[in-house]
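Starting from the structure of chain Y, add chain X where the hints point.
Each chain, letter by letter, is given below.
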Amino acid sequence: MGGSWLTGWRHVVLCGWRWSYAGSVTRTGEGVEPFLRLWSRGTGSAERGLRRLGTWGRRRMTQDFTSQPPRRTKRTNPFTRAQEEDWRRRNKTVLTYVTAAAVGMLGASYAAVPLYRLYCQTTGLGGSAVAGHASDQIETMVPVKDRIIKVTFNADVHASLQWNFRPQQTEIYVVPGETALAFYKAKNPTDKPVIGISTYNVVPFEAGQYFNKIQCFCFEEQRLNPQEEVDMPVFFYIDPEFAEDPRMLNVDLITLSYTFFEAKEGHKLPVPGYN
Amino acid sequence: MSTAMNFGAKSFQPRPPDKGSFPLDHFGECKRFQEKFMKCLRDNHFENTLCRNESKEYLQCRMERRLMAQEPLEKLGFGDLIGGKSEARDKS
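Read top to bottom, the protein sequences are chains Y and X. Going by UniProt numbering, the first sequence opens with residue 1, and the numbers climb by one from there. Going by UniProt numbering, the second sequence opens with residue 1, and the numbers climb by one from there.
Just so you know, the hints here were simulated from the structure itself, not pulled from any lab data. Possibly wrong hints are sitting among the right ones.
[Claimed, not checked] Quick list of the computed label-pair ranges, beta carbon to beta carbon: (1) X:Lys75 with Y:Val98: 49 to 55 Å; (2) Y:Gly107 with X:Pro72: 42 to 48 Å; (3) Y:Ser160 with X:Gln70: 36 to 42 Å; (4) Y:Asp191 with X:Gly79: 45 to 51 Å.
[To be verified] Capping the alpha-carbon separation at 25 Å, the derived lysine-lysine pairs in PhoX-like fashion look like this: (5) Y:Lys187 with Y:Lys92; (6) Y:Lys192 with Y:Lys264; (7) X:Lys31 with Y:Lys187; (8) Y:Lys150 with X:Lys39; (9) X:Lys31 with Y:Lys185; (10) X:Lys39 with Y:Lys145; (11) Y:Lys150 with X:Lys75; (12) Y:Lys187 with X:Lys36; (13) X:Lys36 with Y:Lys185; (14) X:Lys19 with X:Lys31; (15) Y:Lys192 with X:Lys31; (16) X:Lys39 with Y:Lys185; (17) X:Lys36 with Y:Lys150; (18) X:Lys75 with X:Lys36; (19) X:Lys10 with X:Lys75; (20) X:Lys31 with X:Lys75.
Where is the CB? At the ideal position from N, CA and C, for every residue including glycine.
Next up, chain Y with everything else stripped away, as it sits in the complex:
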């Protein structure tokens, strides 16, 4: 008998929680009973609650428990009770799984950022969604001979850098799909070795996406010894799809502009990639 009372207490605790939540007023067993009787006509859970509290009321109050006839519904059947317990256990399992899945999703969304970075570093995609578009494309691309584009070159130097940096040709005429070479020249007139780092810009903005550099001298520190002069090549091509873009119909001039900065400790250049 003790076992059944224990289970009874457990159900009471559950119900006590439920009732105080719903009613927001804690009532004694006496006050609750008529209320429960009203409710008992409604939902089935209340009926269950009624049965539980009925037990409790019988336990706590010294009232005659005959006033409330014990309900001999099929819910007092030990089989249904076991089934309910089974349902409750299964519900708890499902709830645990769902919560675990939700927490897992949250964690995965946080972990996705470094994982993607790692993936890009290993596969070398570096931000572009298409893999290997460069070397295969260069091999197979066909120059579009009827679209001649003039590429002008511009060279800039940051105020603190004392290099003489200039292009060796002011312009060059290329066609899309053809690789082209261009040269810049830089001289260090000072008596100290200077390290510079450069970035580039392409105007007009929309044409910049078709301007592909195979190799150049940008984004890496370049060291010039005192009084040294070097040639800096840029090997590039314009994507043949340039000729098929309707927005590029009127574009005949592309300007490539390089700017050199002095590479100082802690100086951060807008270098592309994952930094």
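Chain X in isolation, oriented as in the chain Y frame:
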């Protein structure tokens, strides 16, 4: 270029070069080829198509002197120049 006030517009995103950066030619080992190329450009009114041979030679010089990673010339877009050298000569 767009002004600094233009927050909504896309800004230019510089992309790293496909094959990285050229090491500097501190000793001028390929300067001769470079001068040949520049002369060719100046003679041909800066048309790149006519000076592709010279640019190929410059890059070959760089590759020989370890100033550039070895690459088959097709991958650099000089596929038509390898087989038919005379073809390029005829064009220019």
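Status of each hint after checking the structure:
no. : hint                              : result
1   : X:Lys75 with Y:Val98: 49 to 55 Å  : holds, 53 Å
2   : Y:Gly107 with X:Pro72: 42 to 48 Å : holds, 46 Å
3   : Y:Ser160 with X:Gln70: 36 to 42 Å : holds, 37 Å
4   : Y:Asp191 with X:Gly79: 45 to 51 Å : holds, 47 Å
5   : Y:Lys187 with Y:Lys92             : violated, 75 Å
6   : Y:Lys192 with Y:Lys264            : holds, 14 Å
7   : X:Lys31 with Y:Lys187             : holds, 15 Å
8   : Y:Lys150 with X:Lys39             : holds, 18 Å
9   : X:Lys31 with Y:Lys185             : holds, 12 Å
10  : X:Lys39 with Y:Lys145             : holds, 23 Å
11  : Y:Lys150 with X:Lys75             : holds, 24 Å
12  : Y:Lys187 with X:Lys36             : holds, 21 Å
13  : X:Lys36 with Y:Lys185             : holds, 16 Å
14  : X:Lys19 with X:Lys31              : holds, 22 Å
15  : Y:Lys192 with X:Lys31             : holds, 24 Å
16  : X:Lys39 with Y:Lys185             : holds, 15 Å
17  : X:Lys36 with Y:Lys150             : holds, 21 Å
18  : X:Lys75 with X:Lys36              : holds, 23 Å
19  : X:Lys10 with X:Lys75              : violated, 32 Å
20  : X:Lys31 with X:Lys75              : holds, 23 Å
The structure is inconsistent with the numbered hints 5 and 19, although it conforms to all the rest.
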